[in-house]
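Note that the protein sequences, when read in sequence, are chains A and B.
If you count the first sequence from 1, position 85 lands on 85 in this note's numbering, and the numbers rise without skipping.
If you count the second sequence from 1, position 1 lands on 1 in this note's numbering, and the numbers rise without skipping.
Honestly, the hints are just simulated from the structure, not real lab data.
Since the model is a prediction, treat every value here as computed from it, not as a measurement.
For each residue, glycine too, the CB sits at the ideal point set by N, CA and C.
Fair warning: there could be bad hints in the mix.
Examples of chain B residues lying across from chain A (beta carbon under 10 Å, computed) [unchecked claim]:
| hint | residue |
| --- | --- |
| 1 | 71 |
| 2 | 78 |
| 3 | 93 |
| 4 | 97 |
Some but not every residue of chain B turned toward chain A, in silico, with C-beta under 10 Å [to be verified]:
| hint | residue |
| --- | --- |
| 5 | 47 |
| 6 | 66 |
| 7 | 74 |
| 8 | 77 |
| 9 | 83 |
Number of protein chains: 2
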Amino acid sequence: MRVLGVDPGSNATGFGVVVREGGHVRHLRHGVLRPPTGAALSDRLHFLHTELSTLIEAEKPEVAVVERVFIAANPRSAIVLGQARGALLASLGASRVRVVEIAAREAKKAITGSGAADKGQMQLMVTRLLKLDETPPTDAADALALALCFAQAGALADLPIRGRRRNNRRAMTEIVAGRTR
Amino acid sequence: MRVLGVDPGSNATGFGVVVREGGHVRHLRHGVLRPPTGAALSDRLHFLHTELSTLIEAEKPEVAVVERVFIAANPRSAIVLGQARGALLASLGASRVRVVEIAAREAKKAITGSGAADKGQMQLMVTRLLKLDETPPTDAADALALALCFAQAGALADLPIRGRRRNNRRAMTEIVAGRTR
Numbered sequence: 001m002r003v004l005g006v007d008p009g010s011n012a013t014g015f016g017v018v019v020r021e022g023g024h025v026r027h028l029r030h031g032v033l034r035p036p037t038g039a040a041l042s043d044r045l046h047f048l049h050t051e052l053s054t055l056i057e058a059e060k061p062e063v064a065v066v067e068r069v070f071i072a073a074n075p076r077s078a079i080v081l082g083q084a085r086g087a088l089l090a091s092l093g094a095s096r097v098r099v100v101e102i103a104a105r106e107a108k109k110a111i112t113g114s115g116a117a118d119k120g121q122m123q124l125m126v127t128r129l130l131k132l133d134e135t136p137p138t139d140a141a142d143a144l145a146l147a148l149c150f151a152q153a154g155a156l157a158d159l160p161i162r163g164r165r166r167n168n169r170r171a172m173t174e175i176v177a178g179r180t181r
Numbered sequence: 001m002r003v004l005g006v007d008p009g010s011n012a013t014g015f016g017v018v019v020r021e022g023g024h025v026r027h028l029r030h031g032v033l034r035p036p037t038g039a040a041l042s043d044r045l046h047f048l049h050t051e052l053s054t055l056i057e058a059e060k061p062e063v064a065v066v067e068r069v070f071i072a073a074n075p076r077s078a079i080v081l082g083q084a085r086g087a088l089l090a091s092l093g094a095s096r097v098r099v100v101e102i103a104a105r106e107a108k109k110a111i112t113g114s115g116a117a118d119k120g121q122m123q124l125m126v127t128r129l130l131k132l133d134e135t136p137p138t139d140a141a142d143a144l145a146l147a148l149c150f151a152q153a154g155a156l157a158d159l160p161i162r163g164r165r166r167n168n169r170r171a172m173t174e175i176v177a178g179r180t181r
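Looking at chain A on its own, in the form it has when it is part of the complex (with noise of 0.2 Å):
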């Protein structure tokens, strides 16, 4: 299963994908979609839906995780923040891929064991955890996360049944409880 993670910014939207095989979860590819500065608005919003959409065509992604938000800081940037996400999950819904929302706070407990961890912890965790032989862009590693840590869940599902099979389960269902539709 291949899992494409987008962290949705209205100057830097961070993209990553990483494929499971089995137990195991193998990173493929990252980067930053960055909009031209200085270009109209109509036109960053339509670079950052075609961007995705040629990585989508690219990847062939099963299931996108997209960061969810639940509130912003204030109601313009939570406009601009909505902009973004809007010409990304119309991407998404034109490739007819499948869109899992999964909070920032969740993403960073599953990777770091803290809902509270900062940026540089995640693109340690991000960077061990995909054995990558450079530190990911903050943004770009924040999406990496997201796309492990739902190709993680579904990977511990995988395994043959253990004792903690059950709880593991649990575990993705509260993960996967998380998605749009």
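Could you slot chain B onto chain A? The hints should help.
Just chain B now, kept in the frame of chain A:
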């Protein structure tokens, strides 16, 4: 000049198309885009994106006037509105149509004479000014008002030079100053 007005909303996005011919503005079409209720968020945003793309393809507007948002009631509704705007603006970006943003207050003042006009007053004035047989739904009336507001300012600028020409031109400049790029 063909002008498309768009009043973004996650459940109902109004649109209206008018054409300016010399000093006259004529109604062409209006309606409301309603994403399927109960569908996934990504599917609903994809619906807005593709429906607007289809509309642009059919009507070929040279300018799209989108309601500008200053502040939303709260961050949660700002995210929801922002997402709809993002999907719609990405579609406008894809079509390369020029995008202008006009605040609801400006449109209300231009159409009814009062920036605090209610929905009913806007419907009434839009129906009268565009000589419509039936009153359009509120979302479509707001979208038509945006298109009309911009087209009328342009129509005034097209008039032969009169005593009030310079004032008219200034009024248009003020409105056009609200554009995105």
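Each hint, compared with the structure:
no.	hint	result
1	71	5 Å, holds
2	78	4 Å, holds
3	93	3 Å, holds
4	97	8 Å, holds
5	47	7 Å, holds
6	66	8 Å, holds
7	74	7 Å, holds
8	77	8 Å, holds
9	83	4 Å, holds
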